[in-house]
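Trainee: Here's the letter readout for the chains.
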Amino acid sequence: MWALAWRNIVRNARRSLITVSAVALGLTSLIFLWGFNDGVHNNMMRNLQEAIVGSLQVHADKFFHHPKLNRTVPDPARVIALLQQQHIERYTSRLRTFALAAGLENSEGLVLLGMDPASEMRTTNIAGKVDRGRFIKSNDEKACVLGATTARNLGVKLGDEVVLLGEDHYGSLAAEKVKLVGIISSGEMGIDRGLAIVPLGFMQRMFDMGSDVSEVVVQLPEERLEAVTSALRQQLDGGYEVLRWYDMYPMMKQWVELENAFYYIFLSVVLVIVAAGIMNTVLMSMLDRIHEFGVMMALGCGRGHLAGMVVIESLLLGALGVAVGTFAGLMLVQYFHGAGIDLSGQMDTVARYYVDPVIHTEIDTSHLRNTILAVLAAAAIAALWPAIRAARLQPVEAIRHV
Amino acid sequence: MSFCYTSRMRRLPRIPLLAGILLLCLAVAAPAQAADPDAREIIRKVQELLRADTGIARYTMRIVTPEWQREVSFDSWDDRLHKRFFIRILAPVKDADTTWLKDGSNLWMYLPRLERDIRIPPSMMLSSWMGSDFTNDDLVKMESVVDDYTHRLIAHDADSVTIESIPKPDAPVVWGKIVHVVGTDGIPRTEDYYDERGKHIRQLVFTDVREMDGRRIPSHWTIQPSDEPGKHTELILEKVRFNPQIPVSVFTRANLRRKGS
Amino acid sequence: MFDALSIYLRLGWRNLWLHPLRTGLTTAALAIGIAALTFLSAMNDGWMQQIKTNFALTVTGHIQIHARGFEQSRKLADRIDDPAPLLDIVRQVPEVRLITRRVRVSGLASSAGASGGALVYGVEPATEKRMSRLAGFVSQGGWLEPGDDRGVVLGDGLADSLEVGLGDKIVLMATTPQGDIASEVFRVRGLLHSGVMDVDDLTAVVTLDAAQRWLGLGKAVTDIVVRVKDFNAVASATQQIRQLLAARATGEPLETLSWIDIDPMAEQWAEFADAYTWIILAVVILVVLAEVLNTMLMSMHERVREFGLMGALGVQPTQVFVMVVWETVILVALGSGIGFLIGGGLSWWYGVKGIDLTRFAVAFSFMYMDPVVHPLLRTKSIVEILGAAVIGALVSGLYPAWKAARLQPAVALREL
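Chains as they are written, first to last, in the working numbering: chain A, 1 to 402; chain B, 1 to 261; chain C, 1 to 416.
Hints in this document: simulated from the structure, not taken from any laboratory.
Model, not experiment: these values are computed from the prediction.
We treat Cβ as the ideally placed atom computed from N, Cα and C, and that holds for glycine.
Take these hints with a grain of salt, some might be off.
Said to hold, decoys possible - The calculated label-pair distances, taken between Cβ atoms and stated as ranges, are:
(1) C:R213 with B:H82: 19 to 29 Å
(2) A:P221 with C:A282: 25 to 35 Å
(3) A:G238 with C:E145: 37 to 47 Å
(4) C:W17 with A:G300: 27 to 37 Å
(5) C:V395 with A:G304: 20 to 30 Å
(6) A:S230 with C:E271: 33 to 43 Å
(7) B:D227 with A:S211: 49 to 59 Å
(8) A:H337 with C:A282: 15 to 25 Å
(9) C:R97 with A:R78: 57 to 67 Å
(10) C:R213 with B:G186: 50 to 60 Å
(11) C:A249 with B:D170: 54 to 64 Å
(12) A:A298 with C:W17: 39 to 49 Å
As the list claims (entries may be wrong) - Chain B stretches covered by chain A per the calculated footprint, using a threshold of three residues with CB under 8 Å from any CB of chain A:
(13) 64 to 78
(14) 112 to 120
To be verified - Derived pair list, reagent style DSS-like, types lysine-lysine, alpha-carbon separation capped at 27 Å:
(15) A:K137 with A:K157
(16) B:K83 with C:K380
(17) B:K259 with B:K231
(18) B:K177 with B:K45
(19) B:K199 with A:K62
(20) C:K403 with C:K380
(21) B:K259 with B:K94
(22) A:K179 with A:K157
(23) A:K179 with A:K142
(24) B:K83 with C:K219
(25) B:K231 with A:K68
(26) B:K231 with A:K62
(27) B:K259 with A:K177
(28) B:K94 with A:K179
(29) C:K129 with C:K75
(30) B:K83 with B:K239
(31) B:K83 with A:K68
(32) A:K68 with B:K94
(33) B:K94 with A:K177
(34) C:K129 with C:K219
(35) A:K137 with A:K179
(36) B:K168 with B:K199
(37) A:K142 with A:K157
(38) A:K142 with A:K68
(39) C:K229 with C:K129
(40) B:K45 with B:K239
Chain A with its partners taken away, still in its complex shape:
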């Protein structure tokens, strides 16, 4: 029966081709769409982490919601030793406090971040966001990098002096004059406004903090995030908090989840079109063959046999279509993963902060699996009805069918 079904498929090459192409085209587009969707989303999430947040941060307990200068990481050396044990190389330490930054006439309250330039550049891409001037160079220079909005509000230009004013470890006045060496205009309000970056060593001295830090920022590949988080949580009991990027800034993750939910619905509708197409092609080819079926039945071929043959034929065609479609879809995803889809015409500054203008497709395994299974199921269901029809044919009428 398999051999017979296969012979039928080969003999009607043209018809088979149309059916296979219907399945393949549908699946290819679905895979490509998921590839596009996942590519954008992964890019967004990665950019968020790479920009400044990191994948994971370790703080003193409750620091994130109640940040205070004195709430420092209890034992940063231990945290770093744990990271090194796990062979993690991209990590950096920062000090954070609130301060007042003043230009000649204006001043503004902001968050002051002390960063170690060498390890910061290994860990995040914040240095790359400086579009005028440069990032801080040494760990000790009296220099700062400001967001463009803050720099404008303070009325300062590159090379100008900025006064930073805050409260040190012992609650007394900490004030320093620093040189504005770089300006960031990222398009992200939270960075362009209300943020000043100074060298970590300088800031520790200014605020009398010794070698204390507020946060250890870790950059991890997606697949290691959960494992490393739970390992750190287990080893750093009491006195620490270990937060993933989406524990701290859940908006982006929510957005992605919501958009994925939207595309599940969207693409299920597309799946209906694809399934209808498959069903249509199979049914059409059935119509085409009513005469042939009649002859076969007249020659003594049983109904069950006939129905089985039709099902096997459809399944073979479906499987072939899925194989071709998966291959073509993955090739397409692979191709655009390398080449990228250029959307720069559609994107302005903000979007560019979150999403690179050139989209590199990639596909989430679960999305790929679900799509393939759904199309296979559609092909199988599409095969049933023709089989039932074939089984109910009257040989005489069938032969007469033009």
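Let chain A serve as the given structure and place chains B and C on it in line with the hints.
Mentor: Just chains B and C now, kept in the frame of chain A:
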């Protein structure tokens, strides 16, 4: 639309703002009716003892925590009628001659080491200051303590009376109850602050009664928050002149850069 | 000409019904494709609307009117002293659906144990509830009742740092326009949680009357917030309001800003999301067209013998071509008609009911973004998408017709 980094950013930074302390010391009273005329009268007299329209004073503030302690000395010129004040730090040496000027809604600060004066945004005038245990509430709200509360005498012995003050429903105060202990000589001894659930929040202790510019007043004040044992703030009044004439030139930006004598 | 037309029409119609199953299948393919496209386009428009609503109507509103300079300075000094005549003017604009007034000021919130910076909104509780999503975010207790001048609704993050809960007392302090520090006592009536830290850690909402009395503002407000018919009406309504306000004889200079002016990034982000879904929609159109072409080719393949017979009987190739084209026209008209009815019906039904996306997503709390999509049938998108699909289907019908016309009768008849 911003997904991430904006939050946590717009909190008010804590800027060392010494100014409010003066208001605490030189609180204003005003007449009003109350439930217990005797109790109210005692509180009114306490306020009157400490009040003045203008004042020139020298203070030392000492902040004590289990890990460290710190002292700041400063001179202040306060003109309540015109809503302005001027402060000059005397010690520690590294902050000496740092000055503040508030005039109406403007607040300036001068940093001698950086030779820069800075205008502090109005929104920051309200922010909490230094590591002290004085709250912002102390800044503005002590002045109407007589009117904002209903006062009741709850105990007395040979040399002191105890008065419970419950805020009126619409009074803009955070407390649920204040318990004053005042000596029979009219000099305050302690004040205990509670929230509305009856939880003790902090205690203010007055000691070291001295004769200053013609008034017998406690010159040493200690604030002890109840949830942070081992931490307290002391304010010591070194010298004071009540209702002096203050030259207008004190409240000018030029005065910010002048060195102290 | 008319005769010929009606003959072809009738012939095509009869031909189609000679093979009801085949016709049914082709029509169904078309109908499903068109229905899906209609529905998807409606979903897309609903989604875009939704994104904009999430951005604009969470707090901002469609249009805001301030005293000139307030957006930049955020100082009470830049305020609207008497909003009443302005409200009358704004009401003249036909697109305006809702107007509310606000006082916005940053200040300090204190409880007995702690204090923290706050962004205070003085609002009209009843209209604010319909204007923004603030009331919808209330997660504990309730929204302010009109006239509750001692009530405050706090962001849960702010309440947390003040260590207060429902019924507790807080004092709000802010600088008045005269430079004095004014304070007022409020009781916590509700806590709101939006999922956005900026909102949750800073927001304190009191009634407009309370804010005006506390800050000594009289009738003055900082914002007049306007909601118009829909997002498409924002630009023209903003323009009209600007003109009407500029024509005023007296009063302070004003600024009229649309949500896009206030948060240009939101608009850019929405534009990106729009481009993004359009790419997806374009691929879907391709899929639909391919399926239609497929069905047409199949049915054509099946009819090769029939065309051969016609050719053998002396029917001219052009006549066969025109006949097949007309058949296609009828098919497409029928299919897209049915498809549009189904797709439109579905869109309308879900437009009313809404599609709750949380059921399709992993357990996650969508606070800032309302997860219910209401598909929206917009004439512009329908015309664009249906036009593309119908023209595509007709074109894909031409190829079989052209092939049919070129068939050699002898070859055709030999095919089984």
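Trainee: Would you mind marking each hint as holding or not holding in the structure?
Mentor: Here is what the structure says about each hint:
1. Between R213 (chain C) and H82 (chain B) the beta carbons are some 25 Å apart, a value that agrees with the proposed interval 19 to 29 Å.
2. Hint check: P221 (chain A) to A282 (chain C), Cβ distance near 33 Å, so the stated range 25 to 35 Å holds.
3. A C-beta distance of roughly 45 Å is found between G238 (chain A) and E145 (chain C), which places it inside the suggested range of 37 to 47 Å.
4. At about 35 Å, the CB distance of W17 (chain C) to G300 (chain A) agrees with the hint of 27 to 37 Å.
5. Our hint of 20 to 30 Å for V395 (chain C) and G304 (chain A) is violated, since their Cβ atoms are close to 43 Å apart.
6. With their beta carbons about 40 Å apart, S230 (chain A) and E271 (chain C) fall inside the hinted range of 33 to 43 Å.
7. D227 (chain B) and S211 (chain A) have their C-beta atoms about 30 Å apart, which leaves the hinted 49 to 59 Å range violated.
8. For H337 (chain A) paired with A282 (chain C), a C-beta distance near 20 Å keeps the hint of 15 to 25 Å intact.
9. Roughly 59 Å separates the CB atoms of R97 (chain C) and R78 (chain A), a value that falls within the hinted 57 to 67 Å.
10. Range check, R213 (chain C) to G186 (chain B): about 37 Å between beta-carbon atoms, so the 50 to 60 Å window is missed.
11. Range check, A249 (chain C) to D170 (chain B): Cβ separation about 41 Å, and the 54 to 64 Å hint is violated.
12. The hinted range of 39 to 49 Å is not satisfied by A298 (chain A) and W17 (chain C), whose Cβ atoms lie roughly 29 Å apart.
13. With a cut-off of 8 Å between beta carbons, the stretch 64 to 78 of chain B has 3 residues touching chain A; three or more are needed, and the interface restraint holds.
14. Given as covered by chain A, the stretch 112 to 120 of chain B passes the check, having 6 residues with a CB less than 8 Å from a CB of that chain where 3 are the minimum.
15. Of the pairs offered as hints, the one joining K137 (chain A) and K157 (chain A) holds, with about 18 Å between alpha carbons and a cut-off of 27 Å not exceeded.
16. Restraint check: the Cα-Cα separation between K83 (chain B) and K380 (chain C) comes to about 62 Å, which exceeds 27 Å; the hinted pair is violated.
17. At most 27 Å may separate the alpha-carbon atoms for a hinted pair to count; K259 (chain B) and K231 (chain B) exceed this at roughly 33 Å.
18. Taken as a hint, the K177 (chain B) and K45 (chain B) pair is honoured in the structure, with Cα atoms around 20 Å apart against an allowance of 27 Å.
19. Note on K199 (chain B) and K62 (chain A): the hinted pairing holds, with a Cα-Cα distance of about 24 Å set against a maximum of 27 Å.
20. Between K403 (chain C) and K380 (chain C), the direct Cα distance comes to roughly 35 Å. Violation of the 27 Å bound is thereby established for this hinted pair.
21. Between K259 (chain B) and K94 (chain B) the CA atoms are separated by roughly 14 Å; this keeps the pair inside 27 Å, and the hint holds.
22. Simply put, K179 (chain A) and K157 (chain A) have alpha-carbon atoms about 10 Å apart, close enough for the 27 Å limit, and the pair holds.
23. A threshold of 27 Å between alpha carbons decides the hint, and for K179 (chain A) with K142 (chain A) the separation of about 6 Å falls inside it, so the pair holds.
24. At most 27 Å may separate the alpha-carbon atoms for a hinted pair to count; K83 (chain B) and K219 (chain C) meet this at roughly 26 Å.
25. A threshold of 27 Å between alpha carbons decides the hint, and for K231 (chain B) with K68 (chain A) the separation of about 17 Å falls inside it, so the pair holds.
26. At most 27 Å may separate the alpha-carbon atoms for a hinted pair to count; K231 (chain B) and K62 (chain A) meet this at roughly 21 Å.
27. Restraint check for K259 (chain B) and K177 (chain A): satisfied, since their Cα atoms lie roughly 21 Å apart, inside the 27 Å limit.
28. Pair hint K94 (chain B) plus K179 (chain A) holds up; C-alpha atoms about 22 Å apart against a cutoff of 27 Å.
29. Pair hint K129 (chain C) plus K75 (chain C) holds up; C-alpha atoms about 25 Å apart against a cutoff of 27 Å.
30. This hinted pair checks out: K83 (chain B) and K239 (chain B) have alpha carbons roughly 22 Å apart, not beyond 27 Å.
31. Pair hint K83 (chain B) plus K68 (chain A) does not hold up; C-alpha atoms about 32 Å apart against a cutoff of 27 Å.
32. Restraint check: the Cα-Cα separation between K68 (chain A) and K94 (chain B) comes to about 24 Å, which is no more than 27 Å; the hinted pair holds.
33. Taking the CA atoms of K94 (chain B) and K177 (chain A), the gap is about 15 Å. The hint holds against a cut of 27 Å.
34. Our distance criterion of 27 Å between C-alpha atoms is met by K129 (chain C) and K219 (chain C), whose separation comes to about 21 Å.
35. Taking the CA atoms of K137 (chain A) and K179 (chain A), the gap is about 12 Å. The hint holds against a cut of 27 Å.
36. Our distance criterion of 27 Å between C-alpha atoms is met by K168 (chain B) and K199 (chain B), whose separation comes to about 18 Å.
37. The straight-line distance between the Cα atoms of K142 (chain A) and K157 (chain A) is roughly 16 Å, inside the 27 Å bound, and the hint therefore holds.
38. Between K142 (chain A) and K68 (chain A), the direct Cα distance comes to roughly 23 Å. Compliance with the 27 Å bound is thereby established for this hinted pair.
39. Proximity of K229 (chain C) to K129 (chain C) is assessed by CA-CA distance (about 17 Å); at most 27 Å being required, the pair is judged to hold.
40. A distance of roughly 21 Å separates the Cα atoms of K45 (chain B) and K239 (chain B); the hinted pair therefore holds under the 27 Å criterion.
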